[in-house]
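Asks: Residue strings, one per chain:
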Amino acid sequence: MISMKLNISKKYFWSLCTILFAACTGDFEEINTNRNSPTSTQPNLILPGVQRDMMNALVDETWSIGNTVIQHTAKNQFVNEDRYLWGERNTIWNAVYDNMRDVNNILLQAEEDNLPNYKGVALILKSWMFSLVTDAYGDVPYSEALNGKEGVFFPKYDTQESIYDGILSDLEEANGLLNGAFNISGDLIYQGEVENWRKLANSLRIRYLMRISDRRDVSAALSTIVNNPDQYPIFTSNDDHAVYTFLAESPDQFPLFTYRIGSFNEFRASKTLTDRLKTTNDPRLFIFVRPTPATEATPSTTDDKYEGIPNGMADVEALTYNGGPEFQSRVGPLYFEQANTPLGLQVAKGVIMTYAELQFLLAEAAQKSLISGDAETYYLNAINASFDFYGLVPEASYLTQAEVAYTGSQDELLEKIGTQKWISLFFQGMEAWFEWRRTGYPVLTPAVDNQNNDMIPARFIYPIIEQSLNADNRAAAVARQGEDDLNSRVWWDVNPN
Amino acid sequence: MKRTCLGASLAKRIVAFGAMLFLSLNLYAQISVSGKVTSGSDGTPLPGVNILVKGTTSGTITDAEGNYTVDVPTGDGVLIFSFVGYVTQEVPIAGKTTLDVALPADATELSEVVVTALGIEREKRDLGYAVQEINGDDITQARETNIGNALAGKVAGVTVVGNPSGIGGSSRITIRGERSLNINKNQPLFIVDGVPITNETFGSSGRSNQDVDYGNGAGFVNPDDVESMTVLKGASATALYGSRGQNGVIIIKTKSGKGSQGNVSFNTSVTFEDPLRLPDYQNVYGQGLNGEFEFLDGNGGGVRDGVDESWGPKMDGQLIKQFDSPTTNGYRGGDVGNLNTIIGPVDYAAQLAQRGEIIATPFLAYPDNIRDFFETGMTFSQNVAVTGGNESGDVRASYTLLDQTGMVPNTDLKRHNFALSAGYKLTPKLSFRATANYVKNLSKNRPSLSYGTENIMYLFNCWFPRSLNINSFRNYWQAGREDLNQFNFNYNYHDNPYFNVYENTNGQEIDRLFGNMSATYQFNDFLMLMARVGTDYSDEFRDRRRAYSTQRYPLGSYREEQIFLQETNADFLLSFNKDLNSDFSISASVGGNAMRRRYNLSDISAPQLTVPGIYSFNNSRVALQYFSFNSEKRINSLYAFTQFGFKNYLFLELTARNDWSSTLPGNNWSYFYPSASVSLVLSDLFDIESTPMSFAKVRAGFAAVGNDTDPYQLLSTYTAQNPAQGLPSYSESSVIQNANLKPEQSRSLEVGLDVRFLENRIGLDLTYYRTRSENQILNVPLTITSGYSARVINAGLIENKGIEVMLNLIPVQTQAFEWSMNINFSRNRSTVLELYKDAESGQEIRNYVMASRELTVEARVGERMGDMYGIGYQRVSSDPNSQYYDPSGQYVGEIIYNAQGKPLPTATTVKLGNYNPDWLAGIYNTFTFKGLSLGFLFDVRQGGEVYSQTQTVGREGGIIAETLEGRANGYDLSLPGNGVIGPGVVAITDGGGNITGFTPNTTKLSAREWHSSITLGRRLKEPMVYDASFVKLREVKFGYTLPGSVTRGLPFRNISIALVGRNLMLWADVPHIDPETASSAGGTIIPGVESVAIPSARSYGFNVSFNL
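One line per chain: the protein sequences are A and B, in this order.
Take 1 as the starting number for the first sequence in this note's numbering and just add one per residue.
Take 1 as the starting number for the second sequence in this note's numbering and just add one per residue.
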């Protein structure tokens, strides 16, 4: 009897279901359609955000670690980073992979809609972004990266060598795809000028060929580019450089503009930089660095003193060095409170690559006979271009003094190129750090009271979260590359320094 | 000044209160019957006996002496006297005006009615699952602003964590452990009068440094309007609520006018709050570094005056120039003008010259400088309720004003609750009922939270130097620079705390309406149909103001959020209920529910302001930033349940429910789940009433519950970003959506035993349960190298096992005195049995990061839910394969230091602890003596861990007591007592760099260096993880009900007065903080992580209630 009742009620239940609700799910699909956001979009709507986000991340990381490790700046408070107590540094990693999703979407969309110029630009961005991440960390996910939607949730870490193969071939492909007759939009670097992108593709190829030049014979590849400017155009002046210009107005301002003043002031000019610039009477000093607060505060400029502090002192020593912060120069105002002035906008930029850097690379290549051409010409071009970037012209006496003049042994010449390049890379600390690791120039002394066994760090450790999210592949990379610490060298880094 | 304001507002409240008094009118003038009700067995008076005038809904209850007075329409009616454990008596009035009644005891019957799923009232003895009820009176006297917190310690199996956020913050409630890997989805469903209300925390994600706890939805229910709260813990109890009930259900029944004959009741409660616990600070060294300090501009221009830490000179009264010292020009030292050059061009020298030379003042310790910042919070609550009823209808109207001022200055909360409940019997068969609650919730400022300058505790727990006089901060603008430049001790990193709370406000205004209307048609004595429509509507406005010169917003900012939420439920229930014969009874019901939920969010901000102090989008200097999101969701449901009774000792209940959810794909949007439970009353079956055991019951239940997800989880989209340099910008969502989602499944089993002895003076209720939840719909984090941060999948198998014990004792019971004890104990273990294995690729997920703040909360296969991971100390190992193996075994377990005397970190993260307790217990004692009663609740938490950011950073800042270690004689390392040698060893290595042994560490670090090295600059989390066990004196109530003899002749009746206190005492091993804490990040409450929390409050006050 009970079970009969149950059967009856069950039967009623299901008939009721059918009657009442069969129709009620009719609009469910429509209800569950997201009306807030589109499911597809155009490359020109994706591009600006990628460029903006990458540049903000790069400037932030340049300020907080790159400039310091390369001894453009030094810290007088919260000195851990300056003593190589780094922990994990995830800004570059996260920015590159997060934005690569959208670069990848540009590539897919451009392929589908047959838009070779967007594809070329995306390949250049991809190459540049992957070089940042591999130069900073070593082996990283590349060939299997960004395939989450295809079900690859644990991308393997590729060797740096194979990543560079990919970077170089992508840049070559980009050079072939880009056609200046059809400009693009949504581009905050070159305002859509595709011919400039093409120059960037080849200039970057020179950078990355040089990067691996201690591992590979890159002479032929370099010569092909340098000797065929029609087929492989490169930067020919500062007008061609690849920079991102910030705006005077929030929220597109130079990222440092919104820092707490204390967070800006805890970075001071590095003694390594100020000493070098003062010895050679380099006028770029007055752009990079301001007078010590004590001398800056007086109306007179004749008493102005420019004093850097040594990198990596313990906190008490750093804060009391030279009598205290009043006697320690801060970084120039164009990188902070004057970043929104016309001059600030010209100087405080996000940089992919400058013309000066290209010329320094060519000088080195020529000096090492990787290409034909006059190393000194390249070297002088580079110095002039660097001065020009800041609206300056070097005095003849500057160029002829012993520390600068292009004279000396092979090693001395390479050191001069490296040192001048290091100066020209002010506030491009990440690139300066990569190149210092490769060339060993300029010769740097590790931070005074460093906590890394007297070694300047040679890489970032992998983000800790990778131990949870991609443990096996990370472990394989560590087994191949060496311990996941600051001192394991990446593949291209073979010179002792 | 402040006092007068307080006085004035108090006066206003008294006037309002008086006005309410005059509302009282003698509503009815009828015949009055009075008398005394006593126990038939021993003649003691029975308080709380229900008296009903037969055929009407009016009646009363007896007072503490068993006396009653009831008005009856005529002298020939009948009064019904009923009381738990006694036989109900019907007594004819027969024209008498005095009726004394002795109720015969009924030891065999235990008629205890509880509210169950869908609001159906059932006898507890019939139920095959555990329910626990809290009486409304238990939460009105010692009240909490958030009603959820009132459950703490009172219900077995319920864990409550109140988010320490100043006022009326959220409370995180979990029942029987955590089932979901989504840390936000472990909270129970709240039902008010049969209709769900939302309890989520909305909005406030996105822009950083603006974490505020705006409270969660259930906190809006007014304790005065609550008749009872019932906690349905297991799936058997909640199966009828379907998906949403899988984490348990809290059913709130509001008061109605039933059984009342015209009554006006008042309840006034005033409580005061102060910080339960503040860190233990050192009071020897003041601001500065290395013993040096002299203020010039608070920006590094003086001697270490850019430093915000307390490693400075001894605070022995020596004369030092300070930020609050006078200057030769009559200014304060800190009136330095505009140093933050972003606000405008400055001429430092001229500004400083105008201020003048600082005249040094004594450098002194201010041991209470932080305590003195906090004010005594005050919560004033006033309720007036009017009830009335007769045989055909009843009504209750109630108004409550909650007026709270926080311990943090300039924080407040004002809440008006209007509640109306009315029922009317239109015909003998058709009746209607409607309830409506309107809540107006206003706050001009809720405190900012989390680690950062926006939170005052960032300053107070980490940095605020010991040499600062808090009173010097009260005048928080620089002289002559009002609205432009704040006045502060440090212009490098910090905001003046008074400036912070008075200028940078987080306002909130909510209009919320929830309620329902229902009609019931009684076809005959066994068939009934109920139809109901209910809604929960809320419209919330939040504004955040940031003044010029705020560290994070030098040019100010203004932001508005508008949150609209509406959920409507329409349901029906057809019920059949019949005793088939003397042995069999049957009840069966079918019902259905249609749910619709809409959510709209708009979030607009002006990142910079043109004119200081004007908070309007019209005043934005730059383009506005905006975000908006709208969503909709529907669930249709059908359900049926049936119960069979045999001889009133065996009960079987079956339920079935099917849901159709719009959030799932078409092939999976329909899902079904059943439950079954059985209850067997052994004491009736075996007729054991003559033994000491007065009652015994066993019960068992099984249930399956399904669940859906949020809207729009099926398809990936591109999200609009803030325009880049004016160009529109889109980015693909970083979450991989899933078009093949399946509903979640959770299956649970529970068995229980309920026994009572010695005429119910000892009652023991035991429950064992096991729940397995699988196919959870999760945003599983991915390595960002996959291009995506997460993907939505069905994954996971989480098992919860636990026991709950409730023990009720009446150790002493005499005519005048009674001591009763309620003890509850619960232990739960949540284990991660599986996460995910991809069928095709074989790829496996072995750990799942549930939340990340300072450390990570991860679910790993085979481990417990709530495990926390982070970098730990590298220690000497006993494992021969370890790089740090010690063959001698002498140093195994010791911390290893490097040559510089700093601890080595582990290369990978290690398990640091678990935020879930091993067990919880609540012990409630009540003593009653005539009209007096004393109750106190101890809340015990054993086990679990908490991470303390206060300990981490407070050490760097040199303010907490531990930082005296290593500077007994100042900072000169050559003096004894100075410097610290880390306890542990250093490795001895051979030429090849291999470790051959260990030797004790002998490297001495300066105090400053030691206290930041202990965490390697916040990298090592292990040393800052503490045992979170505690005992709290959660609640104390000391009450007195005036005897009827006193109030007779007065216009007042049932006068009770109670002194109340909550969270009065804390016993815990963790230093500085209350271990019962959480941090909040973008709307997620993360337990186990203390991130410079606002101190929890100790509250004490009184409560007065009476009727007219």
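Since the hints were derived computationally from the structure, they do not count as laboratory data.
All values reported here derive from a predicted model rather than from experimental measurement.
We put the beta carbon where it would ideally sit given N, CA and C, even for glycine.
Treat the hints loosely; a few may be bogus.
[Claimed, not checked] A short, non-exhaustive set of chain A residues, derived as facing chain B with CB atoms under 10 Å: (1) E30; (2) N76; (3) Y157; (4) T159; (5) P342.
[As the list claims (entries may be wrong)] Computed far set for chain B versus chain A, every beta-carbon distance over 12 Å: (6) L319; (7) Y331; (8) D710; (9) L715; (10) P781; (11) L1016.
Asks: Which hints, by number, does the structure contradict?
Replies: Of the numbered hints given earlier, those the structure breaks are 4, 5, 8, 9, 10 and 11, listed in rising order.
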